[in-house]
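Novice: What follows is each chain in one-letter form.
2 protein chains.
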Amino acid sequence: MQDPFMQAAIAQARKSLAEGGIPIGSVLVIDGQIVGQGHNQRVQKGSCVLHAEMDCLENAGRLKASDYRKATLYSTLSPCDMCSGTVLLYGIGKVVVGENQTFQGPESYVQSRGVQLEVLQDPECVQLMQDFIQQQPELWNEDIGE
Amino acid sequence: MQDPFMQAAIAQARKSLAEGGIPIGSVLVIDGQIVGQGHNQRVQKGSCVLHAEMDCLENAGRLKASDYRKATLYSTLSPCDMCSGTVLLYGIGKVVVGENQTFQGPESYVQSRGVQLEVLQDPECVQLMQDFIQQQPELWNEDIGE
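Listed in order, the protein sequences are those of chains V and P.
Residue numbers are given in UniProt numbering: position 103 of the first sequence equals residue 103, and the series is strictly consecutive.
Residue numbers are given in UniProt numbering: position 114 of the second sequence equals residue 114, and the series is strictly consecutive.
These are calculated hints, taken from the structure and not from any lab test.
In this text the structure is predicted, and so the values were computed from the model without any measurement.
All C-beta atoms, glycine included, are put in the ideal place defined by N, C-alpha and C.
There is no bait here: all hints are sound.
Computed list of lysine to aspartate or glutamate pairs in EDC-like fashion (alpha-carbon distance at most 20 Å, straight line): (1) K70(P) / D3(P); (2) K94(V) / E146(P); (3) K45(V) / E58(P); (4) K45(P) / E58(V); (5) K64(P) / E146(V); (6) K94(P) / D67(P); (7) K70(P) / E142(V); (8) K94(P) / E146(V); (9) K94(V) / E58(V); (10) K70(P) / E146(V); (11) K64(V) / E146(P); (12) K15(P) / D122(P); (13) K64(V) / E138(P); (14) K70(V) / E58(V); (15) K64(V) / E142(P); (16) K94(P) / D3(P); (17) K45(V) / E19(V); (18) K70(V) / E146(P); (19) K15(P) / E124(P); (20) K64(P) / E142(V); (21) K64(P) / E138(V).
If you only want the chain P side, here are some residues facing chain V, beta carbon under 10 Å, derived: (22) G46; (23) L50; (24) G61; (25) G85; (26) P106; (27) E146.
Per label pair, the in silico range of CB-to-CB distance: (28) P137(V) / G93(P): 19 to 29 Å; (29) Q136(V) / I133(P): 37 to 47 Å; (30) Q130(V) / G61(P): 23 to 33 Å.
Turn these sequences into a full structure, and let the hints guide you.
Specialist: Given below as structure tokens:
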């Protein structure tokens with residue numbers, strides 16, 4: 001059975017896909033409750049900074065440092081340099097990654113800075129990305145700066 | 001005489017201050033032209049992701065990888081983990097920093113990843129931050145995740 005928080009992140013990814021966007025989703029969990037969710041907004045808002053994790057954190061709003069410390073950020077895909085840097089800025093304690101086969105951010109660096117990182121290698125997350133990249137390789141490359 | 005692009009970044013910082021916000025500004029320059037400018041939006045938009053550099057990049061819009069590569073990002077203050085990560089994601093070639101006395105992001109790491117970095121140690125940038133931090137230390141701490 002899938003982690004319910006990763007299920008919620010996947011639901012965000014599917015919502016983005018249905019809107020014509022990039023299928024990556026994210027949720028922020030504090031004390032067992034989802035306090036923010038979001039998805040990639042490159043297509044929908046023409047945004048270059050609202051990756052799923054950033055949109056999720058933005059939707060969670062301004063939080064206290066003590067809340068970030070005990071938070072877990074779920075993302076359907078391994079966080080890139082930008083999103084990983086945001087985890088480090090706010091001292092988010094843990095990141096749960098749907099998959100890192102399609103793309104892998106600076107996971108070792110993030111761990112070396114004290115963040116707990118778990119990779120689920122969820123087949124549904126992998127499939128979402130592989131189908132998308134096959135269909136829209138240019139959009140995907142734009143999203144990761146290539 | 002001040003660098004005209006840093007002057008533009010400082011103008012953004014002063015605009016933010018006049019709006020009741022955090023006085024950090026940024027501009028993105030490509031081929032000698034400003035293609036985006038912005039300032040911290042924590043107060044103005046209740047944003048936790050729109051640091052000055054992020055707001056600037058968002059305002060510049062969706063750019064090609066080849067444009068980011070030849071771009072220079074100016075910021076009145078040393079970019080934090082989030083903004084530095086964004087520089088790395090997009091492969092922005094150069095960062096010009098107003099000052100790093102008040103706060104220093106992961107400059108060595110950014111340089112080790114191939115980004116050119118120049119610190120101007122501009123007294124006006126230092127003064128802006130020192131006055132602000134003295135007046136609103138809690139807001140400042142929130143902005144850097146402390």
